[in-house]
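Trainee: Letter by letter, the chains look like this.
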Amino acid sequence: MSTMMKYEQKALKVVGTRPLRPDGVDKVTGRARYAADYNLPGQLIGKVLRSPHAHARIKSIDTSAAEALPGVKAVVTREDFPDLPVEYAASGELTINFHDVTRNMMAREKVFYDGHPVAAVAAISGSIASKALKLIKVDYEVLPHVIDVVEAMRPDAPLLHEEQYTEGVTPKPDRPSNVAKRMVFARGDLEAGFKQADLIVEREFNTKPVHQGYIEPQACLASYTEDGQAELWTATQGHFVFRAQCAKVLQMDVSKIRVTPTEIGGGFGGKNNIYNEPLAIALSRKSHRPVKMVMTREEVFRATGPTSGANVKVKMGCTRDGRITAADAELNFQAGAFPGSSVAMASMCTFTRYDLANVRVVGNDVTVNRPKVAAYRAPGAPIAVFGVESVIDEMAKRLGIDPIEFRLKNAAREGTRTYYGPTLGTIGYVETLERAKAHPNYSAPLGPNQGRGVATGFWFNIGNETSAALNVNEDGTVTLVLGTVDVAGGSRASMAMMVAEELGIDVDKVRPIIGDTSSLGFNFITAGSRGTFASGMASVLTARQAIEKLRQRVARIREVPVDDVVWKDGWARPADGCVKPFAPMSLAEIAKVAGKTGGTIAGHAEINAQGAGPGFGTHIVDVEVDRLTGLIKIVRYTVVQDVGKAIHPAYVEGQLQGGTVQGIGWALNEEYVYGADGVLQNPGFLDYRVPVASDMPFIDTVIVEVPNPNHPYGVRGCGEVPIISPMAAIANAVESAIGIRLCEQPMSPPRVLEAIEADKARSGARA
Amino acid sequence: MATISLSSNLIPYTCGDTGFELEVANVRQLFAALGERYPGLQTHLDNDIAVAIDGEIYQDALLQPILSNSEVFLFPKVAGG
Amino acid sequence: MSEMRYEAPETLAAAVALLSGAKGRARVLAGGTDLLIQMRAGRIEPELLVDIKGIPEMTSIVAENGGYRVGAAVTCMELVEHSAFAQAWPGVTDGVKLIGSIQVKGRATVGGNLCNASPAADSVPAMMAAGAVVRIVGPDGTREAPVEDIPTGPGKTSLARNEIVASFLLPPRPRHSGDAYLRFTPRTEMDIAVVGAGVNLSLDDRGICTRARIALCAVAERAVLVPDAAAVLIGTPVDGAALDRLAAAASAACRPIDDKRGTKAFRIQVAGVIARRAAEIALHRARRLS
Amino acid sequence: MARHHVTATVNGDPVEFLCETQQTLLEVLRDELRLTGTKEGCGTGDCGACTVTVDGRLVCSCLVLGVEARGKSIQTIEGMQTGKELHPLQRKFLEHAALQCGICTPGILIAARSLLERNPDPTEEEVRYWLAGNLCRCTGYHKVVEAVLDAARELRGG
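These protein sequences, in sequence, are chains A, B, C and D.
Note that my numbering numbers the first sequence so that position 213 is 376, with each residue one more than the last.
Note that my numbering numbers the second sequence so that position 71 is 80, with each residue one more than the last.
Note that my numbering numbers the third sequence so that position 149 is 150, with each residue one more than the last.
Note that my numbering numbers the fourth sequence so that position 52 is 61, with each residue one more than the last.
It should be emphasised that the hints constitute simulated quantities derived from the structure, not laboratory data.
Keep in mind the model is a prediction, meaning the values are calculated, not measured.
Be aware that a few hints might be false.
Stated by the list, open to error - Below, in silico cross-link-like pairs of lysine to any residue (SDA-like), each with a Cα-Cα straight-line distance of 20 Å or less:
| hint | chain 1 | residue 1 | chain 2 | residue 2 |
| --- | --- | --- | --- | --- |
| 1 | A | K294 | C | D240 |
| 2 | C | K261 | A | K294 |
| 3 | A | K169 | B | Q73 |
| 4 | A | K297 | C | G43 |
| 5 | A | K294 | C | Q39 |
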């Protein structure tokens with residue numbers, strides 16, 4: 164059944180405080196166990212042979228020499244995995260198709276990108292496994308490839324999937340295309356809207372694929388035993404989803420796979436999908452030994468999901484006084500080797516911050532010879548928002564209207580109808596704009612070559628399937644077992660805090676752990692900012708169920724009607740005006756006698772959480788531009804975001820700061836660089852430039868709390884929104900600084916300097 | 010009868026229909042009726058469609074009640090990173 | 002699998018003997034910050050590694066008739082932390098400071114930075130500008146060569162396979178001298194120079210430039226001296242006009258390539274900007290240092 | 010194959026291990042000595058997750074050969090606390106929520122300790138530049154820098 168809960172305003176003792184995270188000490192002492200830290204007796208090391216080509220047909224694979232190498236215990240290729248029909252399932256980023264999943268984890272007919280797995284080896288040592296990879300002979304028929312999304316959309320472009328006809332266009336096209344799917348979200352009369360406009364701005368934008376850049380490479384350890392059972396320890400954002408996918412691609416019973424989520428070294432959407440896991444299980448099955456597989460950083464960049472690069476066209480019109488009359492956008496997203504980019508979600512995030520009568524968003528999902536994209540924090544939204552917030556900034560500046568004022572004039576509010584259907588409920592967008600406007604950052608003086616930019620963001624946030632269990636231990640302490648992986652944000656702490664609040668006990672009496680797939684019912688991945696919202700609801704329900712049992716138990720022990728027993732501050736107390744007053748019992752006292760009065764007290768919840776509250780944010784950034792080198796320096800940054808309720812404010816600040824800096828990296832220097840041969844040229848942290856400490860200023864945060872009416876503590880979720888606005892905010896700030904509108908990301912020095920020179924040439928020509 | 014509206018990205022699968030009125034008690038009945046009327050919509054109903062009932066969004070909630078005066082929107086499911 | 006030998010000789014003679022006697026491919030292991038990466042990537046599989054960090058004369062910094070002799074196996078951090086050297090050669094210190102993170106500088110050596118022959122090596126233009134001379138030890142004894150004669154192209158040097166760069170001699174300078182190294186990178190740290198410029202100049206008592214050496218990196222197949230850029234400073238007070246000519250000459254000396262780190266046009270243009278800024282710092286130091 | 014017999018000191022304890030020439034100190038620490046607190050993020054010295062000290066020098070253990078550790082004294086995250094007492098940096102990282110996923114934390118802590126040993130009163134900029142070799146993708150560095158500055162304050166008895 165689907166579960167929705169109501170917000171209850173009440174005095175809080177624990178929620179809103181800043182206790183230390185339960186996983187903290189292990190992490191500062193080196194004791195925390197990540198996937199690569201697990202080992203089993205007799206374990207082998209597995210390694211993957213990857214395609215050196217961007218696009219090629221596999222004519223043959225000869226593994227005999229590798230198999231003959233002493234120390235090699237198993238080799239697997241496409242032959243070791245069943246082909247799967249088209250079948251969809253929910254994953255991190257909307258739906259996945261098992262026909263494609265099985266081909267992405269191990270190439271079948273063709274390799275579709277540089278780094279595509281073609282074989283895997285398990286050997287007694289890493290060096291022997293590496294040697295064995297060199298002995299595998301793959302005969303390729305190299306095919307023409309296409310990397311760029313606009314080129315891939317051309318009818319004459321090299322075709323990845325001969326059987327792929329563009330979905331969503333009628334009538335069905337008569338020839339296959341790299342455009343896997345086309346979608347249109349429209350509302351009102353666009354033409355009429357543009358007619359009403361006094362000012363129309365139209366621009367085209369391009370962004371590059373960027374990687375989630377988690378510091379821990381994918382790693383897993385699999386042990387398949389002869390009774391057909393498999394155990395898997397892996398770094399995952401969703402062990403239940405990994406179990407389901409492994410079961411499917413290996414044709415195993417779900418019950419025969421037990422997945423333990425290890426401590427995870429960052430995910431950001433990149434660890435929603437299986438890569439080596441099924442290979443490790445297959446190698447273990449074939450070698451009769453446990454198999455450990457750890458990706459190199461190069462493999463992470465070449466073969467695990469970046470987010471889409473994209474081409475975006477935006478056209479908007481508004482009246483003289485700054486009222487938007489029409490908004491039109493086209494989003495062309497790279498899906499990578501297989502369909503399924505985040506373009507649908509991006510399409511729905513494109514204009515949702517505004518109350519618009521006439522809107523159209525066209526989204527195209529385009530396959531190209533790059534690794535299949537994966538989710539990355541607010542998948543797709545930053546790309547669409549970069550275009551729209553840039554155009555809005557230009558409209559405001561051309562009309563001489565303050566950019567925040569302009570947004571306030573058009574801001575979505577409670578009751579605003581979105582162009583994809585539903586009406587927005589209670590939201591805090593206007594509040595974030597007003598708090599930003601009032602922030603000292605917005606009025607601080609700027610130095611030479613400095614400029615200030617503003618941009619906003621929206622994310623739906625989600626709920627989904629969630630399981631949790633709570634056990635009251637014999638000493639009155641509580642163990643909370645969660646199915647939602649704590650990918651880093653500190654959700655374990657937040658869950659324990661909500662449970663402590665409900666039970667009326669100290670938070671350090673509640674020990675939260677993440678249960679493996681055999682300890683709880685199905686639980687969706689940690690994605691879409693659902694953790695604190697959905698897992699929080701489940702945790703609260705387990706506590707409330709336990710409280711019910713505690714009241715009943717005390718009623719029987721004290722021989723009073725259960726209605727006469729109320730739960731308050733960790734004690735079962737007589738209700739006001741109850742017939743027969745009785746001595747209150749603390750949780751510890753009840754726990755002590757629980758065994759002798761009917762058994763231990765526990766609570767559990769298996770829900771499909773509904774009622775997620777949308778999140779909105781407003782960013783202010785000051786930049787300084789070196790006109791002679793094109794270098795952009797982030798001078799000051801302020802993030803204002805409505806999170807509903809900050810259960811643990813320090814961890815909310817951490818999400819806002821971390822997400823924002825990822826967005827800054829996207830804006831400034833991060834990008835995949837491919838050669839003409841379709842081979843990735845920068846698969847490492849030296850040339851894939853994520854921000855370093857000395858690149859960043861402090862990131863000021865302003866937490867706005869407009870409670871989500873559908874959560875007992877008003878939680879909305881906060882992880883996705885912060886990455887959405889930096890690209891646009893920085894581009895807008897650069898425009899303020901040097902009067903040049905940058906429409907290409909990243910805004911790396913060569914691109915900025917080129918734009919400055921082009922501008923000089925233009926103004927020179929004008930003069 | 011409940012008022013049913015489809016987000017425009019679904020129109021290719023409904024022969025151009027954008028909305029209609031329907032007597033259904035819950036989402037499961039709604040999806041069944043739609044699947045019957047628009048076979049092309051079935052995969053999407055099975056996998057990637059969310060509903061908004063009187064302003065509240067539901068994903069994977071087949072048993073969610075729909076009232077006779079409910080306003081219902083169908084649009085793509087969302088997830089995230 | 003072929004076995005990789007590791008030797009840690011304690012004298013240069015022993016090291017040279019090991020290199021000469023190697024059956025297969027032998028490599029000198031100094032800081033290893035480039036070598037280990039090449040080995041890991043399978044780009045090279047040496048039969049012998051000769052770790053030279055145990056050789057005293059290669060790991061010491063000593064004053065030598067008014068100048069400094071810096072062992073080739075001195076780590077970047079050791080050199081950066083040598084306050085007297087940093088006083089005398091702030092520009093060389095600038096360059097060495099920029100070689101990777103603190104962690105990398107804890108291992109990387111000045112000799113390694115030269116012999117790895119990366120066109121973008123940060124310490125090399127600074128050393129060239131400083132007029133540093135390296136002492137090379139081989140089977141036939143010892144020879145000296147100016148730093149600019151060592152790198153010949155990406156990963157290539159003029160050294161024989163059994164020769165070792167033992168040390169650098171930084172000569173004494175007249176009063177009113179200053180040097181500086183500046184590079185351009187997209188990030189503040191952890192980057193490879195897209196363009197780098199080393200400038201070393203001396204002024205007379207009236208502030209007129211009497212000597213200048215300017216070198217650039219990452220703008221050609223190897224770090225290069227740019228005499229034309231130096232010449233335009235001589236006889237001038239290093240004023241705006243002279244600095245404009247220097248910038249132009251620096252840009253003109255570039256023969257860069259387009260690669261993942263930058264475009265030709267960008268490198269050519271920014272080379273002038275960076276050379277000019279480096280010269281301004283060197284000038285400031287020359288006026289300050291006596 | 011013949012392996013090198015190496016004796017060294019790790020976190021004050023004498024250790025012995027066998028390693029192949031190409032085995033890095035990181036591999037030795039993790040696979041031979043089972044000290045898995047030191048992490049591998051890139052294997053090329055670009056992320057700093059494998060940061061340790063060798064004879065007091067901050068290094069990336071992925072860029073040091075195990076055989077080079079012969080006779081050296083190595084400090085890893087496992088040796089940072091004293092008995093049950095966390096190092097002030099470890100405590101401040103907890104108090105300031107300066108870690109999220111934690112994979113970069115051991116390296117950052119070792120690097121930060123080495124900074125404060127050399128410079129007890131660093132500026133924000135000095136902290137940021139010293140830690141530039143330690144990538145963190147979760148925190149945006151804000152709380153990390155705050156924690157290091159606060160730990161420095163406490164260590165100075167401020």
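Trainee: With a cut-off of 20 Å on the C-alpha distance, tell me whether K297(A) and G43(C) pass.
Mentor: Roughly 11 Å separates the two Cα atoms, so the pair holds.
Trainee: Are the Cα atoms of K169(A) and Q73(B) separated by 20 Å or less?
Mentor: holds, 17 Å
Trainee: Please work out if K294(A) and D240(C) have their alpha carbons no farther apart than 20 Å.
Mentor: violated, 61 Å
Trainee: Check the hint pairing K294(A) with Q39(C) against an upper bound of 20 Å on the C-alpha distance.
Mentor: holds, 16 Å
Trainee: Would the pair K261(C) and K294(A) pass a check requiring their Cα atoms to be no farther apart than 20 Å?
Mentor: Roughly 30 Å separates the two Cα atoms, so the pair is violated.
Violated hints, listed in ascending order, are 1 and 2; each of the other numbered hints is respected by the structure.
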